[in-house]
Amino acid sequence: MDKTFLGTLLDMVYPRRCPVCDRAVKPFGSLVCEACKEEFAYIEAPFCMKCGKALEEEGAEYCGDCMRYRHMFDSGRALYAYKSLSDSIYRFKYQGRQEYAAYYARCMQEHLGGWIRRCQADAFVPVPIHPSKRRVRGYNQAEVLARELGRAMEIPVESNLVVRVRKTAPMKDLSVAERQNNLKRAFKICRNDVKLNTIIIVDDIYTTGSTIDAMSYELRGAGVKRIYYLALAIGKGL
1 MDKTFLGTLL
11 DMVYPRRCPV
21 CDRAVKPFGS
31 LVCEACKEEF
41 AYIEAPFCMK
51 CGKALEEEGA
61 EYCGDCMRYR
71 HMFDSGRALY
81 AYKSLSDSIY
91 RFKYQGRQEY
101 AAYYARCMQE
111 HLGGWIRRCQ
121 ADAFVPVPIH
131 PSKRRVRGYN
141 QAEVLARELG
151 RAMEIPVESN
161 LVVRVRKTAP
171 MKDLSVAERQ
181 NNLKRAFKIC
191 RNDVKLNTII
201 IVDDIYTTGS
211 TIDAMSYELR
221 GAGVKRIYYL
231 ALAIGKGL
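Residue numbers (my numbering): 1 to 238.
Just so you know, these hints were derived from the structure itself, not from any lab.
Watch out, some of these pointers could steer you wrong.
Stated by the list, open to error - Ranges between beta-carbon positions, derived for each pair:
| # | residue 1 | residue 2 | range |
| --- | --- | --- | --- |
| 1 | TYR42 | ARG151 | 19 to 29 angstroms |
| 2 | GLU39 | ALA222 | 39 to 49 angstroms |
| 3 | ARG151 | GLN95 | 16 to 26 angstroms |
Ideal Cβ placement from N, Cα and C applies to all residues, glycine included.
Using the sequences provided together with the hints, build the complete structure.
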């Protein structure tokens, strides 16, 4: 059976949900409702040259977090301001709305594709989740996003390069120091010979960068020379 026909048939039986309103997408066959297209707030210039957070001062180059703390990654970008799509990310992450990733990835390609190409990455590396969480959730939202983007941009996805070996505590209410301690020895490289010079770590949300830093530390130890990150949304930090 033709894959396009099968996909259309499945969409008719199980209609694709809009990542904004979560109702069946209108018009049929689209990735987002026509009326919902402009609901998410993109990160626009000026933004931090290191982590990509939106800046309030026109002449500033770095956000407060990046001026206070040294990051292990080279630089990164995020697509949206977190508050504008927090409900959408929650459904994507915890309620099985994996189909949202197709729209997220298309917007990433449209708005950040130039930056992604300039990184000249050998691969996307999704942030892994602990096996116990994956068993409950059934999938890793960062991996789902990375695979959609990898297909769109023809960049390989290395989903088994890094594993999460420690089940860390939720970091929402932790300080920077507490986040760093929480993530110590949380990740492990799965290969003895990592033949990648440049990678882009992919995650759903960036807040302080503690998770990206912890992964970057292990990846640099394995010989990766240039490390960037890409996130669907970014918060305000601490």
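Evaluated hints:
At about 22 angstroms, the CB distance of TYR42 to ARG151 agrees with the hint of 19 to 29 angstroms. At about 40 angstroms, the beta-carbon gap between GLU39 and ALA222 stays in the expected band of 39 to 49 angstroms. For the pair ARG151 and GLN95, the beta carbons lie near 23 angstroms from each other, so the given range of 16 to 26 angstroms is met.
In terms of the numbered hints stated before, the structure departs from none.
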